[in-house]
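Asker: The listed protein sequences derive, respectively, from chains H, B and R.
Each residue of the first sequence is one higher than the one before, starting from 1265 at the first, in this note's numbering.
Each residue of the second sequence is one higher than the one before, starting from -12 at the first, in this note's numbering.
Each residue of the third sequence is one higher than the one before, starting from 22 at the first, in this note's numbering.
Mixed in with the good hints there might be a few duds.
[Unchecked claim] Listed next, with one range per pair, are the computed distances between beta-carbon atoms:
#	chain 1	residue 1	chain 2	residue 2	range
1	B	ASP372	H	GLN1449	17 to 27 Å
2	B	GLU257	R	GLN439	48 to 58 Å
3	B	GLY17	H	LYS1492	56 to 66 Å
[What the hints assert, rightly or not] Taking lysine-lysine and the DSSO-like style, the derived pairs with C-alpha atoms no more than 27 Å apart in a straight line are:
#	chain 1	residue 1	chain 2	residue 2
4	H	LYS1492	B	LYS408
5	H	LYS1375	R	LYS445
6	H	LYS1344	B	LYS408
7	B	LYS479	H	LYS1467
8	B	LYS408	H	LYS1471
9	B	LYS142	H	LYS1493
10	H	LYS1488	B	LYS408
11	H	LYS1493	B	LYS479
12	H	LYS1375	R	LYS303
13	B	LYS152	B	LYS142
14	R	LYS24	H	LYS1431
15	H	LYS1488	B	LYS194
16	R	LYS600	H	LYS1375
17	H	LYS1492	B	LYS142
Rather than coming from a laboratory, the hints here were simulated on the basis of the structure.
Ideal Cβ placement from N, Cα and C applies to all residues, glycine included.
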Amino acid sequence: MQNEEKKDEGFGRRDFLKSAVAGGAVAAAATAAVTVPQGAQAQPAGNGPAPGYAFLNLDEAAFVEALVDHMVPADQLSPKGTDMGLAIFIDRALAGGWGKGDRLYMQGPWKPGVPSQGYQLPLTPAELYRAGIAATNAHCMKTYSKSFDRLDATQRQEVLLGLSSAKITFADGLPVRVFWSTVYQTVIEGMFSDPIYGGNRDKAGWKMIGFPGVIANHAQNIIKYRDKKLPPNFVGIADMS
Amino acid sequence: MAKKLPEVDVVLVGLGWTGGILAKELSEAGLKVVALERGAPRTPQEDFSLPRIRDELRFSSRNDLTQNTQRDTLTIRNNPSQDALPMRRLGSFLPGEGVGGAGAHWNGVTWRWNDTEFKIRSRYEERYGKKFIPEDMTIQDWGITYAELEPYYEKFERTAAVSGKAGNLRGRIENGGNPFEGARNSEYPLPPLNQSLACDMFTAAAKDNGYHPFPRPVANASRAYTNPDGSKFGPCEYCGFCERFGCEANAKGSPLITVIPIAMRNPNFELRTHSWVTKVLKDPSGKKVTGVTYTNTLNGEEYEQPAGMVALTAYAINNVHLMLLSGIGKPYDPVAQTGVVGKNYCYQTGAAATLFFEGRQFNPFMGTGGLNVGMDDFHYDWNFDRAPHGFIGGYNVAGGMTHGRPISYRPLPAGTPQWGKEWKAASAKWYNSAMIISSSGSVMANRYNYFELDPNYRNVFGAPLMRMTFDYKANEHRMGEHAANVINRIAKSMNPTLMNPATARTEPWSVVPYQSTHNTGGTIMGTNPGNSVVNKYCQSWDCHNLFVLGAGVFPHNSAYNPTGPVGALAYWTADAIKNRYLKNQAPLVSA
Amino acid sequence: MPKVMKEVDAVIIGLGWTGGILAKELAEAGLKVVALERGAMRTPAADFSVPMIRDELRFTSRNEMGQNVARDTLTVRNNPSQEALPMRRLGSFIPGEGAGGAGLHWNGQTWRWTDMELRIRTMYEERYGKKYIPADMTIQDWGVTYDELEPYYERFEYTAGVSGKAGNLRGKIQPGGNPFEAPRQRDYPLPPLNQSLACEMFTDAAKNAGYHPFPRPTANASRTYTNPDGATLSACQYCGFCERFGCEANAKGSPLTTVIPIALRNPNVELRTHSWVTRINKAADGKRVTGVTYINTLNGEEIEQPAAIVVLCAFVLNNVHLMLTSAIGKPYDPVSQTGVVGKNYCYQTAAGATLFFEGRNFNPFMSTGGLNVTVDDFYTNWAFDRAQYGYVGGSHIFGGMFHGRPIAYRPMPADTPQWGSEWKAASAKWYNSAMSINASGSVMANRYNYLDLDPTYRNVFGQPLMRMTFDYKPNEHKVGQHAAQAINDLAKTMNPTLMNPATARTDPWSVVPYQSTHNTGGTVMGTNPSNSVVNKYGQSWDCHNLFVTGAGLFSHNSAYNPTGPVGALAYWTVDAIKKQYLKKQGPLVSA
């Protein structure tokens, strides 16, 4: 069970990609690197093709996949986080304008300030995410001798509780609260934003709570469905385009 | 060197509600008007079409319609002993940008502020004595009266298609309206919106508690409507994408579907978008302005636009910034308490309870920007005695939700975990079965809440950012406690299955979570040049051909949303210019 | 106030090739070393994995591995009479950022610069007379000789795994190599790469024309290799994603697969990433540096790191910038021709022809960063008489393609339309049936090509940007004309179906298209303090415990790629520190 869980969470694929490269160097196998693309095209566990990340590297992808699957587990209410596209949403958000600091005032001087002054780091959201994953993994290595994605569910829960309460502090000075609030924001956005951004796949986040989506012409409904559930018909931007 | 353009009669800096009203009125009066808008052109047909306008991530989380803080922002601090640091991203408030300004993405709530505000110092001193007002509370009478503004309120309500129910028609109290409002000459142009389950439940509870609930007046058209200028409105679709979004149904009162297109059809009017005004220019005497300089952001070139008259019609905060950058009027100094530009910056405060009713279906996503029921018993009811509670101003209480957009709205009972199966189950269970009761409270002016230029940080044009120093004071905290108690009392009387009670805020103002875009003051109106930047006609005391519009002219902030008086004062100022100033170009009030 | 850390033996600013070499060598000599890197840590295993590393848009079009100009950039102009404006995005050159620096994403081409560079003024004056060198051409002898550097070239070639063929082994000319190179003690550690069709066609043509073609030496491992430090490189896969990309196969000589991991395993080395050095601190007497001040960009904290030795190992331009912002050494003034910091900024020039051969299949996408064949007959061939062309320096010419990535590489006959069916047809027809012949030319130092602090623009840390004043001078235009002629003469002998001939550039240097990341000078090496920033060991004339590495030391630019001497000089400097400076801490060359 334990092994299966790890495999499901990207363990196998990443290890294969990494060891293929490292092994190529160490074992002097001239063909090792050539075999990698074919390996990458193999179907990973879960449905859909390999996602193809635009920002996350192998370690980061493993972290994010483990994180969203832990935070949004599969049950009768929705599929698990990766199957809802949350890792893809986060990757695209970090690769895109928001991740690169669009609409963020990025001139110094830089000072920590007080919490009421809001975000003050000299990092774009993508840089923050990258540094935060590295710092969290460093914490996990120190505490459990494993990176976050290789922890069991209890240990993952312990780490997330530590991050969300800022009981964990990062040795390199990165403020945990800022990292966590950014992580949390992206998970929520990935779950509930329109599916055009790669998350909320099949509108599973909207279905979970009963948000109907974009048609939203309720002038009659507000009378007709007073204290009644609106019949399920979930519509995203792509469905109407 | 800036390229000098031929002189025009009027330059408007910013084209939202106030710029649109002045553009229309002054060009109809035969003046050559140029509006300089720093953002992009925008039309509802092109920019607010379905389905793309229904994108919560883009327009709400990422603030696509608002000011880009990468280019220009503020520095902020809670008090003068702190280091002010830049507001690096939007949070607490959302200034608009682009044609239509914040008028494109407001909720539409439209109130009439009355002499409770305009004569605030006289009325409190009369009733409670001079000592009731704390020494550092720098509230003052505005110099204008409700009776003077009443016709202009009516004009704005009819222009913007406000739906509501009169509570006081020419002195007679009307059933179903706000009994505490100032006397109005006529009904709202449109009847109230259809009420939601949450509205009805709150109405019943408020009545049971002896209060006077009424549907909040709002520029969301309750049915199709043609305004006096011939602008057509469709009926509101209750889509739940109102604040932060443009309206594809043309049901929200917006300058983009009313005054601006009318001005655009007038050959006297010219709009230049992507035009970032960097300075208002003074003549050598300092008694008049001669025009503005601006940068065309399409090519980086600088232009000088001479003008017979300049009106600042940008967002409140940006108007103050431009005054400071232009060196017009003496900057406010909180230590010496001299100067006026930047003085009396105010904000608003709020408290809220979430009520969970197992099995009820509130359908929060069927909402509009103003779909809630308000009660004014602790705000415009002058009979409510503040003395035992020790605060000035007040708050209104409202029940109902304006939207159910799921990134930001997922009510959860306190103590629910932040992730995992339990979190998912609670999200699913309560999303449709919760309702909100909230309050909006006034903020009184304080000596140490103010604007000035920042000494350290610059915007992308190389100009100093503006520095905001703001925090809530004891007056606001006392009012917040009172409001939280009232909310919780009403809420408990409704017997919810579970409830997250309202708590009065005690922590300092924070720039992080969204609170309200009701920033006021900084270019305040008053009775003389010693206490204000502009006279009652929004005319600069220093330069008589400079007019400053918007909520920056409010010397303190009400519990009410500001757009009602912002619109009314724009019509009032336009009238003063047309009927008086053009005949005799001089101060309209002698100093 | 900055937090003050405990003093260490050496601080290294920037962890690319030179920082990696210094860190490893100094730590092995027992020094406590702290490396401050402003970017992030990368590992080939996590960051250069297939398939994500094969993303042309991300790594080439968007320059993901280049310096982020939103944070820090230069201002640029062609001459002192222009207004310098910021380089708002990368174009002409791509400084690296992050651990590994530009050493991650270079092509790998590794040359030995000879006394033709190191003793340039003496050699030209001896042969052509003093008047041959224009008055404003500020070239000078470097103070170091090829014989001194030879062992260090070898050291670097063996570290980086350079594939090539010796042309001159201890004075004996070797068939298949560059007959004009200076004598080497040993052959390259690896044989040349497999040659492409384009390489072979160019080789034949060059031989027929009487030239001396040879495979370019390059740090792309032609087979698996273990370097003298025990670092293992695998065989190059000819993937065509070399420059601007990390190598997933560990086949490209990179500090991240060689010196850096070895240094990081040494307990004497501490790497601090996200550490942006803002200043080198001087002792009160100005004769020594005391350490550096930096900002931890993970939280904005300012930190002072005292150190007995400081070594500048960032990209050329950033080293010069830090010297200027730290006010170490006198800034260069082109008018009075006094001062040294910022002097002799140089670049490179180029010309190229595209040859279309109907029916041939060149497979440009099967390539490596150094896959081409070169002729050095107009460069290090000192027998070639420059007098007939009237220039100093020269160019080398090469045939072959480094990649076939389709956003950037789609050879098209001149006059092909830019869109439409005809464009599509030509793109399809010629993509695989064209080859390139190019020249890379030297740039001589000029009085008016220099670097200083910009008076107007600032980086995100509030520091002045550095200002680059640069243009090509008549000497470079003459080199370019000769190169274009030689290319075209050679190309015609190959009878291509069609040909876009090479033309000599006449327009000013532009920051827009990518040209080369071979920026040199600004912290130049020389024989005395009045003509240089550092002595022949890279040691600051002003502060003897400050060392500068990198191409900023070059007092002019060669036609050759700079990484060979950059690596060799780093080994040379570290040897001087270990063997001389640690024994007697003072100037290694008396001023």
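Asker: All hints are to be evaluated individually against the structure, with a verdict given for each.
Answerer: Quick rundown of the hints versus the structure:
1. B:ASP372 <-> H:GLN1449: 17 to 27 Å: 44 Å Cβ-Cβ, so the 17 to 27 Å window is violated.
2. B:GLU257 <-> R:GLN439: 48 to 58 Å: 36 Å, violated
3. B:GLY17 <-> H:LYS1492: 56 to 66 Å: Because 57 Å falls inside the window, the suggested range holds.
4. H:LYS1492 <-> B:LYS408: Distance ~26 Å between LYS1492 of chain H and LYS408 of chain B Cα, so the pair holds.
5. H:LYS1375 <-> R:LYS445: 53 Å, violated
6. H:LYS1344 <-> B:LYS408: Status holds; Cα separation ~10 Å.
7. B:LYS479 <-> H:LYS1467: Violated, because 36 Å separates the two Cα atoms, which is more than 27 Å.
8. B:LYS408 <-> H:LYS1471: Distance ~15 Å between LYS408 of chain B and LYS1471 of chain H Cα, so the pair holds.
9. B:LYS142 <-> H:LYS1493: Not OK: LYS142 of chain B and LYS1493 of chain H at ~41 Å, beyond 27 Å, violated.
10. H:LYS1488 <-> B:LYS408: Given pair LYS1488 of chain H, LYS408 of chain B is violated - Cα atoms ~33 Å apart, limit 27 Å.
11. H:LYS1493 <-> B:LYS479: Status holds; Cα separation ~25 Å.
12. H:LYS1375 <-> R:LYS303: Cα-Cα ~24 Å, so holds.
13. B:LYS152 <-> B:LYS142: Distance ~16 Å between LYS152 of chain B and LYS142 of chain B Cα, so the pair holds.
14. R:LYS24 <-> H:LYS1431: Measuring from Cα to Cα gives roughly 24 Å; hence the hint holds.
15. H:LYS1488 <-> B:LYS194: 25 Å, holds
16. R:LYS600 <-> H:LYS1375: Violated - the C-alpha atoms of LYS1375 of chain H and LYS600 of chain R are around 43 Å apart, more than 27 Å.
17. H:LYS1492 <-> B:LYS142: 39 Å, violated
Of the hints listed earlier, those the structure fails to meet are numbers 1, 2, 5, 7, 9, 10, 16, 17, in rising order.
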